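For reference, the chains in residue letters:
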Amino acid sequence: MTLMQKFLGAAAAVALSAGAVAAEPALIFDLGGKFDKSFNEAAFNGASRWAEETGGKFLEIELQSEAQREQALRRFAEAGANPVITTGFAFATPVEAVAGDYPDTKFVNIDGWMPEVPSNVQLIGFQEHEGSYLVGMMAAMASKSGTVGFIGGMDIPLIRHFGCGYAQGAKAVNPDIKVVTNMTGTTPAAWNDPVKGSELTKAQIGQGADVVYAAAGGTGVGVLQTAADEGILSIGVDSNQNHLHSGKVLTSMLKRVDVAVYNSMKAGADLETGGFTILGLAEEGVGVAMDEHNAALVTEDMKAAVEEARAKIISGDLKVEAYYTNDSCPVHQF
Amino acid sequence: MDFLTLLQVLDTTIRFATPLLLACLAGLYSERAGIFDIGLEGKMLAAAFFSAAVAYTSGNVWIGLLAGVAVSVLLSILHGLASITFRGNQLISGLAITMLVGGMTVLVAQDWFKQGGRTPQLEGAARFEPITLPFAIGPADAEAKGEQLSKLIAEASPLQQIYSELISGHPILVYLALALVPLTWWVLFRTRFGLRLRAVGENPASVDTAGVSVVSLRYSAVLICGVLCGLAGAYLATAMQAGFVKDMTTGRGYIALAALIFAKWRPWYALWTTLLFGLFQALELRTDVIENVIGMAVQSQLLGALPYILTVVILAGFVGKAIPPRAGGQPYVKER
Chain W
1 MTLMQKFLGA
11 AAAVALSAGA
21 VAAEPALIFD
31 LGGKFDKSFN
41 EAAFNGASRW
51 AEETGGKFLE
61 IELQSEAQRE
71 QALRRFAEAG
81 ANPVITTGFA
91 FATPVEAVAG
101 DYPDTKFVNI
111 DGWMPEVPSN
121 VQLIGFQEHE
131 GSYLVGMMAA
141 MASKSGTVGF
151 IGGMDIPLIR
161 HFGCGYAQGA
171 KAVNPDIKVV
181 TNMTGTTPAA
191 WNDPVKGSEL
201 TKAQIGQGAD
211 VVYAAAGGTG
221 VGVLQTAADE
231 GILSIGVDSN
241 QNHLHSGKVL
251 TSMLKRVDVA
261 VYNSMKAGAD
271 LETGGFTILG
281 LAEEGVGVAM
291 DEHNAALVTE
301 DMKAAVEEAR
311 AKIISGDLKV
321 EAYYTNDSCP
331 VHQF
Chain Y
1 MDFLTLLQVL
11 DTTIRFATPL
21 LLACLAGLYS
31 ERAGIFDIGL
41 EGKMLAAAFF
51 SAAVAYTSGN
61 VWIGLLAGVA
71 VSVLLSILHG
81 LASITFRGNQ
91 LISGLAITML
101 VGGMTVLVAQ
111 DWFKQGGRTP
121 QLEGAARFEP
131 ITLPFAIGPA
141 DAEAKGEQLS
151 KLIAEASPLQ
161 QIYSELISGH
171 PILVYLALAL
181 VPLTWWVLFR
191 TRFGLRLRAV
201 GENPASVDTA
211 GVSVVSLRYS
221 AVLICGVLCG
231 LAGAYLATAM
241 QAGFVKDMTT
251 GRGYIALAAL
261 IFAKWRPWYA
271 LWTTLLFGLF
281 QALELRTDVI
291 ENVIGMAVQS
301 QLLGALPYIL
311 TVVILAGFVG
321 KAIPPRAGGQ
331 PYVKER
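One line per chain: the protein sequences are W and Y, in this order. Position one of the first sequence corresponds to residue 1 (the UniProt record's numbering), numbered consecutively onward. Position one of the second sequence corresponds to residue 1 (the UniProt record's numbering), numbered consecutively onward.
Looking at chain W on its own, in the form it has when it is part of the complex (with noise of 0.2 Å):
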């Protein structure tokens, strides 16, 4: 053997060995940014406790803009990051590029969706309509105005899909009940602009709501804020939001895309790839926030009521309509 050789040889196991040492997880934040006190902020308080438990540690990244998803995937990947998860429905398309690139690492997306998942992709998906439709019922049993106000964030079907839930929900109490739903926007920035959440909600009150629902990520903060001070009830969405407003947050709707992480994270190398995994109520995907915040605000009557339909919707009796099944919603128009 030549030195030439054994050099290469040497060279070639600390690379392999470097490579095994540094299989830290990464996680990479969608643009409504790492604190939106929501949907992303869950992914961060999943890979903390993922931390804290293992003493691990994991790479992270909040992107600044559109054009940073490929180059973040791909850093991670060449990093060795092990697996890579992003946080986001815009995140599908970027990994169905990168993916092919590095067959060793394992990608994995929340909320995304793809026509055909590489064998080192797994796709997280919710039940949000589900636990939208739990939210709903709530919010039009406390309702006293007959009208419930809906805010989402960037107009995408993800969204719909949350404001659907919500609207059978509602009218499943109250079939009369008039739904009010807004946009934020159509461009990814309004998953952060509270100012317009702020005044979406003012006007919705104009309108006569006295619940209202925000699943808009970071522009969330300002509906909160808004109907706090205007004296109305809110649904936070993702995380619970119940603490912020304590006493005026009706309940939040959980999407426990913290375990999903923590989840991937502890699964690591090993993680199962290659599909779909869906969360509702069944698996405690989706839920509904019940804490001291809100203890007050939520009667024995909504209680029984929720447990009723969670347990219905959970052994098939109770079919909430989907809204990706015809891209439309039975009860609602958009």
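A few of these clues could be false.
Calculated lysine to aspartate or glutamate pairs in the EDC-like style (CA-CA distance at most 16 Å, straight line) [said to hold, decoys possible]:
#1 Y:Lys264 <-> Y:Glu202
#2 W:Lys178 <-> Y:Asp288
#3 W:Lys144 <-> Y:Glu147
#4 W:Lys248 <-> Y:Glu143
#5 W:Lys202 <-> Y:Asp11
#6 Y:Lys145 <-> Y:Glu129
#7 Y:Lys246 <-> W:Glu62
#8 W:Lys248 <-> W:Asp229
#9 W:Lys248 <-> W:Asp291
#10 Y:Lys151 <-> W:Glu230
#11 W:Lys34 <-> W:Glu62
#12 W:Lys266 <-> W:Glu52
Residues from chain Y shown here face chain W by an in silico Cβ test under 10 Å; the list is partial [what the hints assert, rightly or not]:
#13 Thr12
#14 Ala142
#15 Met240
#16 Ala242
#17 Val245
#18 Asp247
#19 Lys264
The set of hints was computed from the structure by calculation and includes no laboratory data. Predicted model, so just to flag it, every value in this text is computed and none were measured. All residues carry an ideal CB built from backbone N, CA and C; glycine is no exception.
Using the hints, position chain Y against chain W.
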């Protein structure tokens, strides 16, 4: 569309128009004195951040307001140094300020508060609360009767509705901004200072010949601009919202510049123009109202773009002529 809905839309219009009006008046002073300022956006953003940050740490919104104005004035002095003292390009200096602030605010916010480039939510005395004018129906009445405020107003007489919904219930900065319009008119057109300020924007050489300092006049205009931008920024972060978020001015400084052209550099026109632009922004949120009135749906994006479209139409000379101050954009050189 019923009367109350109209009032609600107009109410939103006033809230949206206030920061535009303040920024527009700021630009008016500066440009009337011959200093173009495309850094309005940056100054507003800096003031928004520092007013929210200081209001949060001190717990007093007035101290926050002072801090916001102070930072905005500092940036104005920077702009003045570059464009008056060192006779640099005014557009470049303004743009540089905007770019600097866009990055700096987020960086400082992250360092101070560790919340991803935003300030914590402001509460209580750390933000400007709406003022209920005498005899108007306000939140206090709603609480006393245990009803919702909007419901109480809906039951009141039309005159009381106008008074309570539209005129009462705004933070103090809104009334201040409205009061600044006649004040600006009076200062510019009825005082010696105003005459000289306008002259320095039209023909600085003649002002200089008369023995009046061009430099100090221009500096005072730029300083006034800084104060007004500071108010606009503080309004965004401490009155309209409860805290600062990244890029929260979202182009309002540029819309204010467009409004300034539309208003042909006149204070009363500035008020009407910013109200009009505010109305477009308000209607963008209430497309249902437009649909009811004109019977067809209008894309909200179109409404968002209308201020810019109208400005282009004006600039193209279709609706009257917008003639900027003659010496605008040119540094004054005493001797060649």
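Status of each hint after checking the structure:
no.: 1; hint: Y:Lys264 <-> Y:Glu202; verdict: holds (14 Å)
no.: 2; hint: W:Lys178 <-> Y:Asp288; verdict: holds (14 Å)
no.: 3; hint: W:Lys144 <-> Y:Glu147; verdict: holds (10 Å)
no.: 4; hint: W:Lys248 <-> Y:Glu143; verdict: holds (15 Å)
no.: 5; hint: W:Lys202 <-> Y:Asp11; verdict: holds (10 Å)
no.: 6; hint: Y:Lys145 <-> Y:Glu129; verdict: violated (21 Å)
no.: 7; hint: Y:Lys246 <-> W:Glu62; verdict: holds (13 Å)
no.: 8; hint: W:Lys248 <-> W:Asp229; verdict: holds (9 Å)
no.: 9; hint: W:Lys248 <-> W:Asp291; verdict: holds (13 Å)
no.: 10; hint: Y:Lys151 <-> W:Glu230; verdict: holds (12 Å)
no.: 11; hint: W:Lys34 <-> W:Glu62; verdict: holds (6 Å)
no.: 12; hint: W:Lys266 <-> W:Glu52; verdict: holds (12 Å)
no.: 13; hint: Thr12; verdict: holds (6 Å)
no.: 14; hint: Ala142; verdict: holds (7 Å)
no.: 15; hint: Met240; verdict: holds (6 Å)
no.: 16; hint: Ala242; verdict: holds (5 Å)
no.: 17; hint: Val245; verdict: holds (6 Å)
no.: 18; hint: Asp247; verdict: holds (8 Å)
no.: 19; hint: Lys264; verdict: violated (29 Å)
Hint violations for this structure: numbers 6, 19, all remaining hints satisfied.
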